[in-house]
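Going by our numbering, the residue at position 173 of the sequence shown is 167; the numbering climbs one at a time, nothing skipped.
Treat the hints with caution; some may be incorrect.
[Said to hold, decoys possible] Capping the alpha-carbon separation at 30 Å, the derived lysine-lysine pairs in DSSO-like fashion look like this:
1) 36 <-> 256
2) 212 <-> 167
3) 256 <-> 24
4) 145 <-> 36
5) 35 <-> 24
6) 167 <-> 116
[Claimed, not checked] DEER-style ranges, computed between Cβ atoms:
7) 150 <-> 88: 23 to 31 Å
8) 138 <-> 40: 31 to 39 Å
9) 136 <-> 174: 30 to 38 Å
10) 143 <-> 207: 16 to 24 Å
11) 141 <-> 40: 26 to 34 Å
12) 40 <-> 231: 30 to 38 Å
13) 207 <-> 107: 16 to 24 Å
14) 256 <-> 133: 38 to 46 Å
Rather than coming from a laboratory, the hints here were simulated on the basis of the structure. Built from N, CA and C at the ideal position, the CB exists for glycine as well.
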Amino acid sequence: MATLPLTRRHQRTAQPEGLSRGFANNFINKIICGDVLEVMKKIPDESIDIVVTSPPYNLKNSTGNGMKDGRGGKWANAALQKGYSHHHDCMPHDEYVEWQRNCLAEMLRIIPDNGAIFYNHKWRVQNGLLQDRQDIVNGFPVRQIIIWRRKGGFNFNPGYFVPTYEVIYLIAKKDFKLASKANGYGDVWEFTQEMNNDHPAAFPIDLIDRIIASTNAKTVLDPFMGSGTTAISALNHGRQYVGIEISPEYCEMAEERIKDHKSQMRLW
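Construct all of the structure, not just a fragment, from the sequences and the given hints.
And the structure:
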């Protein structure tokens, strides 16, 4: 499997001296800067209530979604064309699938029998055919597919319509249940993409608020934390968070956003 290499800085920050000082001291309400698989392996079994995340989509190896057109400036999410600061988003497809399946296996290990994973991904057309990410989620306990309807999208291909939604796989263990009355939200959610964020693929906080508020989780993990939106949403709902992010730039961005948000919360 191809894993993302650790820089020296990542190696210093991603290894919090094992778990001898306790899980809470090392992980709770912290963002660990390091390789996602290496850090998740340090998290104890069944210690995280839910996972909420959106991995890099591997869009730059696409043949069909217009990423190579170069005219992305007209689109709300054109920043994706520039890529991520520490991930080239262009892995060979088989390696990408194996990487993501290994990530999901670790996520499943660290949630309890009443835990769940909310795994956001994007379907696309590849070589003229729909690529629905079934090769990633096959064999995992997918209970439901939630449609996230958003505005904008990449497509300069006249062979199909502009995609205007992404999917959230609810991957749930056997005892997972939604919070009271949350099932009334249905399985099609409409949230506008986050625009005022320097990260190229930031979650809209309203989307994360919907997910977290729909569960009874006390601890939320985002192993692709990005700019920190999941952590901010967790704080808004009185939950604990754990974040993992390979990019020092995004780690600093997230920490700054969380710090600013905590300052605002004290004024409320």
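The hints, checked one at a time:
1. 36 <-> 256: 27 Å, holds
2. 212 <-> 167: 16 Å, holds
3. 256 <-> 24: 14 Å, holds
4. 145 <-> 36: Not OK: residue 145 and residue 36 at ~38 Å, beyond 30 Å, violated.
5. 35 <-> 24: 16 Å, holds
6. 167 <-> 116: Distance of about 23 Å is within 30 Å: holds.
7. 150 <-> 88: 23 to 31 Å: This hint holds: roughly 27 Å between Cβ atoms.
8. 138 <-> 40: 31 to 39 Å: Once the Cβ atoms are compared, 22 Å apart, the range 31 to 39 Å for residue 40 and residue 138 is violated.
9. 136 <-> 174: 30 to 38 Å: 24 Å, violated
10. 143 <-> 207: 16 to 24 Å: 19 Å, holds
11. 141 <-> 40: 26 to 34 Å: 30 Å, holds
12. 40 <-> 231: 30 to 38 Å: Given range 30 to 38 Å: violated, Cβ gap about 21 Å.
13. 207 <-> 107: 16 to 24 Å: 22 Å, holds
14. 256 <-> 133: 38 to 46 Å: 40 Å, holds
Comparing the model with each earlier hint shows violations of hints 4, 8, 9 and 12; every other hint is respected.
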